[in-house]
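S.K.: Model the full assembly from the supplied sequences, consistent with the hints where possible.
Protein sequences appear in the order of chains C and G. Okay, so the first sequence: first residue is 16 according to our numbering, each after it adds one. Okay, so the second sequence: first residue is 788 according to our numbering, each after it adds one.
Possibly wrong hints are sitting among the right ones.
Said to hold, decoys possible - Calculated pairs, BS3-like style, for lysine-lysine (alpha carbon to alpha carbon, straight line, at most 25 Å):
1) K991/G x K795/G
2) K991/G x K240/C
3) K401/C x K856/G
4) K237/C x K1059/G
5) K890/G x K27/C
6) K396/C x K856/G
7) K237/C x K795/G
8) K853/G x K401/C
Simulated from the structure, these hints should not be mistaken for lab results.
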Amino acid sequence: MRILSVICKSLKEQLRSYWVLLLSLSMGPFFIFVYFLIMETSELKYTLMIVNNDKGLLADGYTINYGDSLISFFNSIKNDTIAFPLIVHQSDDSIAALGAVKNKKADALIVINDSFSQTLQRKKTDDTVAVSGVEFIGDLTSTGYLVSAVWANEIVNEYALLVTNSKRIIGVKETALGTSATAGGFDMIVPGILIVSLIMLMFTSSIAFVSEVENKTIMRLKLSKLTAVEFLSGISFVQLLVGIASVLLTLLTAILLGFNYSGSLTIMIIIAGMTSFSIISFSLIIAAVVKSANEVLVVGNFPMFLFMFFTGAAFPLHSDPLFSIAGYPINILGLMTPTHAISALNKTLIMDMDFQSIIPEVISILVLTIIYFLIGGIIFKRHHLKLS
Amino acid sequence: MIKIEGLKKRFGELTAVDDLNFDISRNEIFGLLGPNGAGKTTTISMICGLLSPSEGQIIFEEYDGKDRKSLIGYCPQENIYYPRLTCIEQLLFIGHLYGLSSKYVRSRAEEILDLLGLKGKSSVLASNLSGGMKRRLNICLAIIHDPEILILDEPEAGLDPQSRIMVRDFIKAFASKKTIVLTTHNMDEADRMADRVAIIDHGKLLMLNTPQKLKNTVGEGDILELVLENSNETAINQFSGMVSSLSMNVKIRSGSVLIKYPNILENLPAIKNMAEKAGLTVSEIKLRENTLEDVFIHLTGRNLRQ
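M.R.: Structural data, given as structure tokens:
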């Protein structure tokens, strides 16, 4: 009964503090929108320059130029499953094309030599002839060159096999996990932003806890029969609702903007709920050491910064593991629950993995949440609820 | 009855309350009088249970084993309320925290809002109330659970005259059935409201009695000014000698005589007789009764509002 009263009262107060609520709920969708715009305007493409020096050959009264055919082959590539990342430009001026690579206006240059057609023609009848009519030029330290060269090499070989009617010695099959084959940069960032929307809960939660101290109404609670657990649980429940509303709004915005997910929505909500509670528990630590909403806005910035930029929420992050528990690597960033939540959401929404696969993440979130809640609860009780 | 025995509270080096011993009877209005920093709020915070005593104890007798939280309603000096809840919402909330049923707490809330003139404001957000209304809401929040003991910290502080009368009437009505402990540094408030007054300063109990007895027995007493028609010096000296023989403090001014003595009204007929015997004609009698402030100044040697 008492906990229900705290929930009702906290819910009314939260709805009436609509500016704070609006700020918290809109942050996730706002970030989604910003990232969508960034990804749309900066889609990952590599520019490939091709200079065709192939002189071609005469066969049955016709001129054949396999170099031109290769360029047409490049332009005809339309991969059904994986977005084709190359933009191909043909150039007649090899010096200008080389300048473009040097000036980083292109990632790689392919020069087709003058005997390319003749070599391929001979290969048709004599399998021992080595085809070496293409030169790759580029900055070998550049990732752009490496990706372009790998793709271009594969296409050149594919073309050579096709023209010479040869067969691959080894057939390679590529299997994409979940939606990773079709997932773009935007899809990859969404799980992190879903967690960002929950990190913002740090402010509403801390303010909800500390407002009782700031308004001194905590004294009325101390005089009443309300227990610390009832008080903290009641406020936490309302903040949990805010968290789930926030993550659903963020997900809805992402879906409307084309987010392609494959996993279970139920598992996603479970992870979001657990992460919300974890952030609320962490907020309790903030509320325990401050006395006003203004102080929350100042002090809260530091953990928010850590949670956003050092957990992989805002952008992917890598950290070497300190140790492993049952094969699950634990690193320093793992002291923050969003790290595990993002890993779990990536596994679920992108890799389409089941609940069994995210048990290590779930356990990590649970353990950290308990630790946060205990620390926050003890300090909050000692600072604000204790009868001195 | 509330028995306070050897109560002490120390905050580091500072002893805020120093060995207080007194009883508060049921159904009385008990005033704790003292200047700012005298230890009043610390004392009532210990009675409420918000502070634990460093030494001594507070015993609640004859309250049928009720727990302290149910027994006591506390209205602090500062208005403490939920700004984003309406009057009725916060009363229901606090009522529920005391474990009262929804039906009971709603009827109780409506009753006390009516009692304190806030019925028309029950659906108004507390932040939108005037200062006087907030003060009255503060009292409502203290009595929502129908406590046996109501502790009011400076109940009339900052109130407009209308609200002051309303609060005063409420306190008197409440005290007919319950115990009220009020702290104040307002002497008039204590004089008017309290059945008994404890004067404390520097955490120590200086005097405890009814306001009338304090005024009658402590200090230089009432001041009686006799304005004389004739100012015969011999007659005045004779009269002064007669009054002084009754241990009264006499001061002669041009055309009048000032006499200081506790409860001087009882001695007024005798004083008039003495004046007639001395051959003096009194044209006007002015009386300024001894106040609790005079009592306090006598006890502490300084002004209350310093």
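S.K.: Compare the structure with each hint and give your call.
M.R.: Hints, verified against the model:
Our distance criterion of 25 Å between C-alpha atoms is met by K991/G and K795/G, whose separation comes to about 9 Å. Between K991/G and K240/C the alpha-carbon distance is near 32 Å, which puts this suggested pair outside the 25 Å criterion. Our distance criterion of 25 Å between C-alpha atoms is met by K401/C and K856/G, whose separation comes to about 15 Å. A C-alpha spacing of about 61 Å is found between K237/C and K1059/G, which places the hinted pair above 25 Å, so the restraint is violated.
At most 25 Å may separate the alpha-carbon atoms for a hinted pair to count; K890/G and K27/C meet this at roughly 20 Å. With a CA separation close to 19 Å, the supplied pair K396/C and K856/G stays within the 25 Å bound. Pair hint K237/C plus K795/G holds up; C-alpha atoms about 22 Å apart against a cutoff of 25 Å. A threshold of 25 Å between alpha carbons decides the hint, and for K853/G with K401/C the separation of about 22 Å falls inside it, so the pair holds.
The structure fails hints 2 and 4 (numbered hints given earlier, in ascending order).
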